[in-house]
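Chemist: Given the coordinates of chain A, work out where chain B should sit on it, guided by the hints.
Protein chains: 2
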Amino acid sequence: MVNVVTERKAEESHRQDSANLLIFITLLTLTILTIWLFKHRRFRFLHETGLAMIYGLFVGIILRFGVHLPQDLSDVTLTCAVNSSPTTILVNVSGRFYEYSLKGEVQDSKGHDVPNAEMLRKVTFDPEVFFNILLPPIIFHAGYSLKRRHFFRNLGSILSYAFVGTLTTCFVTGLVMYGCVVFMKVIGQLGGDFFFTDCLFFGAIVSATDPVTVLAIFNELKVDVDLYALMFGESVLNDAVAIVLSSSIVAYQPEGDNRHTFDGSALLKSLGVFLGFFSGSFAMGAATGVMTALVTKFTKLRDFPLLETALFFLMSWSTFLLAEACGFTGVVAVLFCGITQAHYTYNNLSAESKSRTKQLFELLNFLAENFIFSYMGLTFFSFQHHVFNPLFIIGAFLAIFLGRAANIYPLSFLLNLGRKNKIASNFQHVMMFSGLRGAMTFALSIRDTATYARQMMFSTTLLIVFFTVLVCGGGTTPVLSLMQIRVGVDTDQDNSVTAPDGMTQRSTKHESAWPFRLWYTFDHNYLKPFLTHSGPPLTSTLPACCGPIARCLTSTQAYENAGQLNDEDTELILNDGGGLMYSDMMVSTDAHGMPTPSTSQAGLYSLAGTSDDPLDRELVFGGTRLVLPTDEPPDPLTSFPPPPPSPPLLDPLRHRV
Amino acid sequence: MVNVVTERKAEESHRQDSANLLIFITLLTLTILTIWLFKHRRFRFLHETGLAMIYGLFVGIILRFGVHLPQDLSDVTLTCAVNSSPTTILVNVSGRFYEYSLKGEVQDSKGHDVPNAEMLRKVTFDPEVFFNILLPPIIFHAGYSLKRRHFFRNLGSILSYAFVGTLTTCFVTGLVMYGCVVFMKVIGQLGGDFFFTDCLFFGAIVSATDPVTVLAIFNELKVDVDLYALMFGESVLNDAVAIVLSSSIVAYQPEGDNRHTFDGSALLKSLGVFLGFFSGSFAMGAATGVMTALVTKFTKLRDFPLLETALFFLMSWSTFLLAEACGFTGVVAVLFCGITQAHYTYNNLSAESKSRTKQLFELLNFLAENFIFSYMGLTFFSFQHHVFNPLFIIGAFLAIFLGRAANIYPLSFLLNLGRKNKIASNFQHVMMFSGLRGAMTFALSIRDTATYARQMMFSTTLLIVFFTVLVCGGGTTPVLSLMQIRVGVDTDQDNSVTAPDGMTQRSTKHESAWPFRLWYTFDHNYLKPFLTHSGPPLTSTLPACCGPIARCLTSTQAYENAGQLNDEDTELILNDGGGLMYSDMMVSTDAHGMPTPSTSQAGLYSLAGTSDDPLDRELVFGGTRLVLPTDEPPDPLTSFPPPPPSPPLLDPLRHRV
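In order, the protein sequences belong to chains A and B.
Residue numbers 3 to 659, in my numbering, belong to the letters of the first sequence in order.
Residue numbers 3 to 659, in my numbering, belong to the letters of the second sequence in order.
Rather than coming from a laboratory, the hints here were simulated on the basis of the structure.
Please note: incorrect hints may appear among the correct ones.
Copies of the same chain look alike in the list, so a pair counts if it fits in one copy or across any two.
Computed list of lysine to any residue pairs in SDA-like fashion (alpha-carbon distance at most 20 Å, straight line) [said to hold, decoys possible]:
id	residue 1	residue 2
1	Lys356	Leu308
2	Lys302	Leu35
3	Lys302	Glu354
4	Lys302	Thr36
5	Lys11	Ser249
6	Lys302	Leu32
So that you can see chain A by itself, here it is in the shape it has in the complex:
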């Protein structure tokens, strides 16, 4: 009989779980339908994530105030003589042993005043769900869809913003918050402990800007590619920095809550943790990416797209598990795995797998993202330990504003000293305005809500996310037009409209800083040929003594390609500087997906012929191949529409808002 009761209860619990998940699925379905309605009616003010959040808020209100379930009083409190809380305990109930697993510590288990706490507790997910299930596909997708060309061209600036900038934001925010907390303590507005490390932790979690909302708008409006690359690169990488940074700050105070003075060895340890976590996760991510590239290169898996896609998916997932199993940060590893996969493996995939993997991760990203945002809305009402402190909230908003400003403006000034292609002040304002906080900030803040400080942080963070997503996200379009940012830019087109002399072709390469050029040469000569079918054969780039190895590692396709560079990234990185002359002609596809170049072939070939540098000539031929990827050039009389009446050069400003 006991057994039957237990089984029935387990069944009941399973049904309840299904019903809860169903709430979220319904929410997401509603969100999708409303998004469609918005898109259909060209209503751009509210992004889908904002919408998901608002729906979540409504459901949260209903669950909190509308539904009244009979309280489940089956909780049994056992008072035990054990002096630790093991992960598993066996309970001996009249001769039968039952296994129980630890779910976590419960605060003030009885005596809360919320009427249907049980119901609310049921719709609460384990915070680790975010880190282990929902964030990885989002972050991987971000890495996998980095616009490589402009990303690599702005690599230095992006890394500066992501590392130096995020650290600056974190410390500035932390210091402002510390000032605020000290002030609150003085006037007696603080209801619990709040230490300096808590302030720094808060700084770390709110310094992760979200790539989702703003970039969706950027993408839709086809905003200036350099601005896009800077924003996207920064927000993707600073997620990684923020997550490692917050772990390091937690590592600073491992001894419990009793010591909160400055400690040199703890600081060193934190620094070590930061560097170790970051480099370890980076290495894991890159390693599995490289392994996938090698496997897809040296097998003929491309004949079976299903197998290839499955392998790609599993290897990418294994990055996460490997990093977590080794004690590194899975989410960070997944990001670098995504970048590596996009840079190398993607070139080895069959055309079908390319679209399959893209679509798969696009879908996973979409679902996970909207799930997180609707959960965010819901948890605003279902979370039972909110601590809303007006002073703290005002301080926090001030702090994130100052923190963001301390990141963008000084760094941009410093970067502009070295950049030929300056970051204009209107770009800086947009970057300042568009620093939304989203999924990563939420996941980091909900991870631990045990103490008073963390609860106050969580509540404040939720408000910050709501505000930035709804107000900053919604205001992006007006701000873009206010700041006169170019929109409607073809992503494969360059923005150097200011130098119409046709000689900027080689400038991108030369204008790049030397570390980038060094990396580019290494990547192009050794890594690309080693990991993909493109680039020059290794036999020609490696020294003669490595001949046998080079022959083994070079695929037959690489030899075939030896004369002609069909390395997409090369074109993307090096050739874009010369995009002016035929920028509007490059890769504009008609409705049937067929390329429709709008100038004749002769012009291109003659342009290639006038170039002195043989590499550049190759590159222009590369560009030609990009425009017309057919082996026999089709007859322009029958296949292509006539060139458009107005050549793009006549009106360089027509893309401005």
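Modeler: Same frame as chain A, but now just chain B:
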């Protein structure tokens, strides 16, 4: 300090979980690479699922005998005065409350002789994972990819095999097993209780045949379409029957283990449970399918394939959750949802969403299937309560053989009395031989391994699965050629090669039984126009009094299509009988995905002109549109290659083995 220790333990446990999952991911990756190697070398003897199983076996051996981890002695046994085992308990450890959730009853918690039990226990998944995560995508994919044309033509036979046949198998197997168990009891070979209901339960779980392995081979070899439809339809539906049947049998003995005599009311209750579960799950599945069809019909979601795919995925998933939340069987609901989605919603999707949804569920199915099979291999060594009883095993093999025979041969005989297109005896032998047991049988048997009877069942079931997948699966190709089954059949081609008079065109419709014709007419006149854009407008099929409603529900596209039937299924169901004359000409696409009909248009149109029945003429036009989905007929002189030199009629036997 206590807190820190707990956290560290949770972290350790998380790392261990990641490592375990990594084992499976590595296994799957290895499987994929080996499958590729097999496919690459055209080695067809072992299917991927068999391979996954064998790899799982190896890893199981290594974990069991190779790895020796220090025993984790953190289990604490509490002896409590509570007289039930609640799902959640709070443990008061020196003032702090920890929440523990019930994992299940533990048998002989101490004193087992396996050296690294902890390690093995760690790689053991909760059996509910199979029902809630892994089976749904497999079953949905099966429903979604049912070959509709031949499925509906053989619907009566398929339903007979699935319902009457599976019930027969279950009872015959159960009776044989009961005889075996009684014999074992007499000679003292039985180490525990084994009741008649246990025998029936065993019969139910081993009566679920697996559609995976054999049909993969059938698909690859392009086996006769009717045989394919019979096998696929039966094995997909009998999964549903078996799962509901096993629940009903469990419901027969709810009072505990003390009464095992015949009980009329319990039998009635079982019957009620069976009918209730089945019809409820069917209704849920069909309802969400219909809802998805309506949503995709009445919104213009097709302009945004990502949204459409996400909606499709979420709605299909919600079927499962809805059914589980209402206490029905989610897996069964998902099957019928899949069939409904394929029959209605699929027609409303945009071309991109069609391929996206297909590819997505193909991938999910592939991953889940291989995961289950590798887990099966692993659990053979990691499961710690195996009861291998030679007599029982021999009895079980005999019982499944007899049970399968009692399903196929008598039913085929009865069905052949009514069928015009007889089920040949070689088809029957193949169906008899190819009744593999797979994922569903495994999931059902691992769900409950608490008692001696269930443990013996589980061990025996594992052996049956191994044997059938490896031996029967591997032997399918030889058996097909031994039985002289036609292979290399175009799936869009009919098998009625024996009536080359060109007048079989209408025979398929007339040869179908009246319930099918009734359903077909209803579906074609009312459901199709209501749920999709195809079929005749509702305004013309509904009575005049329903005019306003009909106008609301009919899409503009349906009016446009009114003259011409572009209902794919119609063609598939009704037109296939006439496929003989131009069967090899239909829908053969060239490498660029463009249709290349191999006879001139004139022949088709004249064929259409000679038909008396206006419906049939429409249908032939429908076939024409299928061949050439362009609005302006292209010039045959420039667009199409010349007709092939040998018409298919000259050599009707060339497709035979």
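Chemist: Run every hint past the structure and note whether it holds.
Modeler: Okay, the hints, checked on the actual structure:
1. Lys356 to Leu308: Both, since 11 Å and 16 Å are each at most 20 Å.
2. Lys302 to Leu35: between (41 Å within a copy, 10 Å between copies)
3. Lys302 to Glu354: within (14 Å within a copy, 26 Å between copies)
4. Lys302 to Thr36: Classified as between: cross-chain Cα gap 12 Å, same-chain 44 Å, threshold 20 Å.
5. Lys11 to Ser249: Result: close only across copies, 17 Å inter versus 38 Å intra.
6. Lys302 to Leu32: Classified as between: cross-chain Cα gap 15 Å, same-chain 43 Å, threshold 20 Å.
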